[in-house]
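Protein chains: 2
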Amino acid sequence: MRRISKTARKALRKLLGPRFLEDEAGRLSYAYDASGLTFVPEAVALPETTEEVSRILALSYEEEFPVIPRGAGTATTGGPLASEGGLVLALSRMDRILEINPEDLVVVVEPGVVNARLKEALAVRGLFYPPDPASLSFSTIGGNVATCAGGPKGLKYGVTRDYVLGVEAVLPGGEVLPLGTRTLKGVMGYDLTRLLVGSEGTLAVLTKITLKVLPLPPARRTLLAAFSSEEAALSGMQAVLEGGGLPAAAEFLDKTALSALDYPQKEARGILLFEFDGTEAGVAEEVSRARETLATRALLLKEASGEEAEALWELRRGLSPALKRLGSRRTADDVVLPRSRLPRFLSEAKARARKYGLTLTCFGHAGDGNLHVNILFQPEEEARARALREEILHLVLELSGTLSGEHGVGLTRRAWLPAEIPARALALMQGLKHLFDPKGLLNPGKIF
Amino acid sequence: MRRISKTARKALRKLLGPRFLEDEAGRLSYAYDASGLTFVPEAVALPETTEEVSRILALSYEEEFPVIPRGAGTATTGGPLASEGGLVLALSRMDRILEINPEDLVVVVEPGVVNARLKEALAVRGLFYPPDPASLSFSTIGGNVATCAGGPKGLKYGVTRDYVLGVEAVLPGGEVLPLGTRTLKGVMGYDLTRLLVGSEGTLAVLTKITLKVLPLPPARRTLLAAFSSEEAALSGMQAVLEGGGLPAAAEFLDKTALSALDYPQKEARGILLFEFDGTEAGVAEEVSRARETLATRALLLKEASGEEAEALWELRRGLSPALKRLGSRRTADDVVLPRSRLPRFLSEAKARARKYGLTLTCFGHAGDGNLHVNILFQPEEEARARALREEILHLVLELSGTLSGEHGVGLTRRAWLPAEIPARALALMQGLKHLFDPKGLLNPGKIF
Ligand SMILES: Cc1cc2nc3c(=O)[nH]c(=O)nc-3n(C[C@H](O)[C@H](O)[C@H](O)COP(=O)(O)OP(=O)(O)OC[C@H]3O[C@@H](n4cnc5c(N)ncnc54)[C@H](O)[C@@H]3O)c2cc1C
Ligand SMILES: Cc1cc2nc3c(=O)[nH]c(=O)nc-3n(C[C@H](O)[C@H](O)[C@H](O)COP(=O)(O)OP(=O)(O)OC[C@H]3O[C@@H](n4cnc5c(N)ncnc54)[C@H](O)[C@@H]3O)c2cc1C
Numbered sequence: 017m018r019r020i021s022k023t024a025r026k027a028l029r030k031l032l033g034p035r036f037l038e039d040e041a042g043r044l045s046y047a048y049d050a051s052g053l054t055f056v057p058e059a060v061a062l063p064e065t066t067e068e069v070s071r072i073l074a075l076s077y078e079e080e081f082p083v084i085p086r087g088a089g090t091a092t093t094g095g096p097l098a099s100e101g102g103l104v105l106a107l108s109r110m111d112r113i114l115e116i117n118p119e120d121l122v123v124v125v126e127p128g129v130v131n132a133r134l135k136e137a138l139a140v141r142g143l144f145y146p147p148d149p150a151s152l153s154f155s156t157i158g159g160n161v162a163t164c165a166g167g168p169k170g171l172k173y174g175v176t177r178d179y180v181l182g183v184e185a186v187l188p189g190g191e192v193l194p195l196g197t198r199t200l201k202g203v204m205g206y207d208l209t210r211l212l213v214g215s216e217g218t219l220a221v222l223t224k225i226t227l228k229v230l231p232l233p234p235a236r237r238t239l240l241a242a243f244s245s246e247e248a249a250l251s252g253m254q255a256v257l258e259g260g261g262l263p264a265a266a267e268f269l270d271k272t273a274l275s276a277l278d279y280p281q282k283e284a285r286g287i288l289l290f291e292f293d294g295t296e297a298g299v300a301e302e303v304s305r306a307r308e309t310l311a312t313r314a315l316l317l318k319e320a321s322g323e324e325a326e327a328l329w330e331l332r333r334g335l336s337p338a339l340k341r342l343g344s345r346r347t348a349d350d351v352v353l354p355r356s357r358l359p360r361f362l363s364e365a366k367a368r369a370r371k372y373g374l375t376l377t378c379f380g381h382a383g384d385g386n387l388h389v390n391i392l393f394q395p396e397e398e399a400r401a402r403a404l405r406e407e408i409l410h411l412v413l414e415l416s417g418t419l420s421g422e423h424g425v426g427l428t429r430r431a432w433l434p435a436e437i438p439a440r441a442l443a444l445m446q447g448l449k450h451l452f453d454p455k456g457l458l459n460p461g462k463i464f
Numbered sequence: 017m018r019r020i021s022k023t024a025r026k027a028l029r030k031l032l033g034p035r036f037l038e039d040e041a042g043r044l045s046y047a048y049d050a051s052g053l054t055f056v057p058e059a060v061a062l063p064e065t066t067e068e069v070s071r072i073l074a075l076s077y078e079e080e081f082p083v084i085p086r087g088a089g090t091a092t093t094g095g096p097l098a099s100e101g102g103l104v105l106a107l108s109r110m111d112r113i114l115e116i117n118p119e120d121l122v123v124v125v126e127p128g129v130v131n132a133r134l135k136e137a138l139a140v141r142g143l144f145y146p147p148d149p150a151s152l153s154f155s156t157i158g159g160n161v162a163t164c165a166g167g168p169k170g171l172k173y174g175v176t177r178d179y180v181l182g183v184e185a186v187l188p189g190g191e192v193l194p195l196g197t198r199t200l201k202g203v204m205g206y207d208l209t210r211l212l213v214g215s216e217g218t219l220a221v222l223t224k225i226t227l228k229v230l231p232l233p234p235a236r237r238t239l240l241a242a243f244s245s246e247e248a249a250l251s252g253m254q255a256v257l258e259g260g261g262l263p264a265a266a267e268f269l270d271k272t273a274l275s276a277l278d279y280p281q282k283e284a285r286g287i288l289l290f291e292f293d294g295t296e297a298g299v300a301e302e303v304s305r306a307r308e309t310l311a312t313r314a315l316l317l318k319e320a321s322g323e324e325a326e327a328l329w330e331l332r333r334g335l336s337p338a339l340k341r342l343g344s345r346r347t348a349d350d351v352v353l354p355r356s357r358l359p360r361f362l363s364e365a366k367a368r369a370r371k372y373g374l375t376l377t378c379f380g381h382a383g384d385g386n387l388h389v390n391i392l393f394q395p396e397e398e399a400r401a402r403a404l405r406e407e408i409l410h411l412v413l414e415l416s417g418t419l420s421g422e423h424g425v426g427l428t429r430r431a432w433l434p435a436e437i438p439a440r441a442l443a444l445m446q447g448l449k450h451l452f453d454p455k456g457l458l459n460p461g462k463i464f
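Residue numbers (the numbering used here), protein chains in the order written: chain V, 17 to 464; chain C, 17 to 464.
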């Protein structure tokens, strides 16, 4: 454990004044994320400029203490936690939208801008930033980029990576480096920009982000379809997607999720929620094609737009709290499978859960194969839950899946990295880490 | 210059038999690309399996000779040329489409598959691989991935990077490494897959590529608009794009291009070619909105689909040969600007061309800001052409542009890399190169 020295503390006090937190209340406020883990940092810095971030990282290298970048702390992996001591660098105050340029379809933001705030600022200009993690009302663009966040709209619109054009990165040691472009394309040299996307704050601190945005699609429509079985729901999704349509989103809720939500239609054992967007006429065509495909398969089809549609999406968003209300503990993975393997994965995973006598729920962005896998258990069932999780994650790998579609590695999936990534690739990744951060002081202990 | 040793030649003969070319005719066939540069390699290998590629790269490390990966040799940069001697590794025989999976929206190909062949194989299954470099009838997916190729459809659909899910990479030294996923998403560890995209064959040889594909949009329509000035054309494009539409493509031809093509409508000084795709109804709506926007701005609007539309696109595709027929020599850059800066760039660049008394043509994927910039000159004007090119490239950087949107660095833009990329970023890139290829034997002399 390399602690923050007296000299460093003095320098940080001078640099940041009251924005350098050493008291317990301040430190406790930055000790958590959504993983359930707790690590109280030695201190917290709340920089407001790139210059301050640069000086903090320079000091970290001179005085050899860890720095842990943090956005809104909504990570589910322990990624923004001071697990090896050191200084939490909270970027929430760097929250200016620096430029919205509709002509270039480009925006420039500081890292602390909250995703939903950016979306709102864009919408009034007729613009659209698609990545929409369920945490969008809290999570920051900096955190989204550092984790390559996804969301329901990933099916049609891809993930955060697909929108990052350039970044201003502060390297361990303090150098400020502009990377990437302000243009929609660019291939000069290796793609360091996208290497930083998803690097979970272990290679550099992002202090400015240039994003590509799109024209806001003029029309949007939601379609809910309820099915008598989970299998029917998944095969209905496959049929819609193979029918040539490309919905913006295709979400799935399994029967456990429906019972947690106390869903009124009791014979429904699986639900799909689609969103279609585009031109008025295009959306109408896509929705009617989907309805046709699902007509004989579904118990119920419900179409909505505007506020009525929001109410349908509330169902989906209410699930996480509803599962929490069940009072039990739960594991939280976000695996991805080749879409055709979802039915097999679901039935095998549920069979294993039955074997262990535990409740399992699988739901989420099934359109792109990404499922949240939650095992619900009581504290005394922890060992069994762990064994079941292990079986399920191995099943994912056997079915050519990946262990995380969105949330990343952080601390909680670190032990699993070698199960998915070959040793030589891991060695290359560690070589990269060493290249950027030879002293290993930026977010140490994460990923590897 | 590290030459291929006798031992290495013997081993290669044994490994590849007649697929190891040492004779002059064979070597000459692999001495060119579209840059106009010529470097005759010491020998050529035509592997058919990953295993052979692996053994060749192992031998390269044991016997210390350079290996230069090559697809179809359509690069405009010298990228696939043996500029420092060594063995050209031509991947054209590894051209199997290994899997087309409509359920997963995934295909797996060997690197030598030609882009157009993949597109055709997909179209009959109702699938669509968007990246469409003008060289698509010849260039290979391996080359496309190694250069992060773009094309007209980049405006709506992005570039090659956005479709690469995973690769099988053979590292210098011969290790075979599967990277990335078979799933549509994945964030386990650093993004080595996208680091290899655009790395121009300097970090690894790609022997297998997993691509994401889309459902083929059911409808497509082309709209040609002719304008009385280049400025009117560019501002017409801006108006259409700010009108909220997102055409699949928006190409621009300047007046020099039109006169090279001997375009019949003589009062036309600038042309836009749009393609809209999506549902029938959606396309109709987008086209009519664009027509409305352009009605008072354009001299002529012409709408077409099917073969008639192909004829309009022939105009665009005919430009490169038409410029060649002018008989003069030409420089070839593919700069990108923030779209709002295109008019200013065009007028300033043309003013500079007038100053030098040289003809300049700018055309291409202007929808995403990407312009081909060609200076036409006679051999005796070479020095002036070079000076003009230098001014124009500096102008691009002043206007926050990038020096290459698609074609990459190779040899021809190597001297320009430091003008765009900060020194520390260059040092990191070189560190990366060293990490992957400590002996510097894979495509040496390229990029840096
Ligand atoms: C209810 C809920 C729903 C969620 N839904 C989704 C979802 O649908 N899709 C999804 O992808 N994720 C989801 N998440 C996970 C989480 O919200 C995302 O990972 C999000 O991108 C994190 O953003 P943040 O600002 O909270 O970052 P933090 O949690 O503070 O940090 C995340 C990681 O990024 C690093 N980091 C943060 N800012 C910077 C910076 N400026 N420079 C360098 N590194 C930085 C941190 O070190 C850490 O490793 C959800 C989480 C919750 C609690
Ligand atoms: C008429 C014409 C039009 C063009 N239009 C476009 C366009 O619209 N958009 C665009 O982006 N480009 C365009 N190009 C440039 C060129 O076609 C692209 O760069 C293309 O991607 C190169 O593919 P290739 O198979 O010919 O590769 P090559 O030219 O053989 O090689 C290109 C680079 O990739 C490396 N490479 C090739 N295969 C592999 C592999 N399997 N593993 C590792 N490295 C490899 C080589 O070492 C080299 O550095 C055009 C070229 C021409 C001549």
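Derived by calculation from the structure, the hints in this document are not laboratory data. One or more of the hints may lead you astray.
Just so you know, same-sequence chains aren't split out, so a pair can sit in one copy or run between any two.
Below, computed lysine to aspartate or glutamate pairings styled on EDC-like, alpha-carbon distance capped at 20 Å [unchecked claim]:
(1) Lys22 <-> Glu58
(2) Lys135 <-> Asp278
(3) Lys318 <-> Glu80
(4) Lys228 <-> Glu258
(5) Lys340 <-> Glu407
(6) Lys30 <-> Asp148
(7) Lys30 <-> Glu247
These are the hints, each one checked on the structure:
For a Cα distance limit of 20 Å, the shortest separation of Lys22 from Glu58 inside one copy, 12 Å, qualifies, whereas the shortest one across copies, 62 Å, does not. Taking the shortest Cα distances, Lys135 and Asp278 never come within 20 Å of each other, neither inside one copy (31 Å) nor across copies (47 Å). In this homomeric assembly, Lys318 and Glu80 never come within 20 Å of each other (Cα to Cα): the closest approach is 59 Å inside a single copy and 67 Å across copies. Proximity of Lys228 to Glu258 under the C-alpha cut-off of 20 Å is restricted to the inter-copy arrangement: shortest distance 14 Å between copies versus 29 Å within a copy.
Taking the shortest Cα distances, Lys340 and Glu407 never come within 20 Å of each other, neither inside one copy (23 Å) nor across copies (63 Å). For the identical chains of this complex, Lys30 and Asp148 are neighbours neither inside a copy (39 Å) nor across copies (55 Å), given an alpha-carbon limit of 20 Å. When the C-alpha separation of Lys30 and Glu247 is checked against a cutoff of 20 Å, the pair qualifies neither within a copy, at 62 Å, nor between copies, at 54 Å.
Violated hints for the displayed structure, listed by number in ascending order: 2, 3, 5, 6 and 7.
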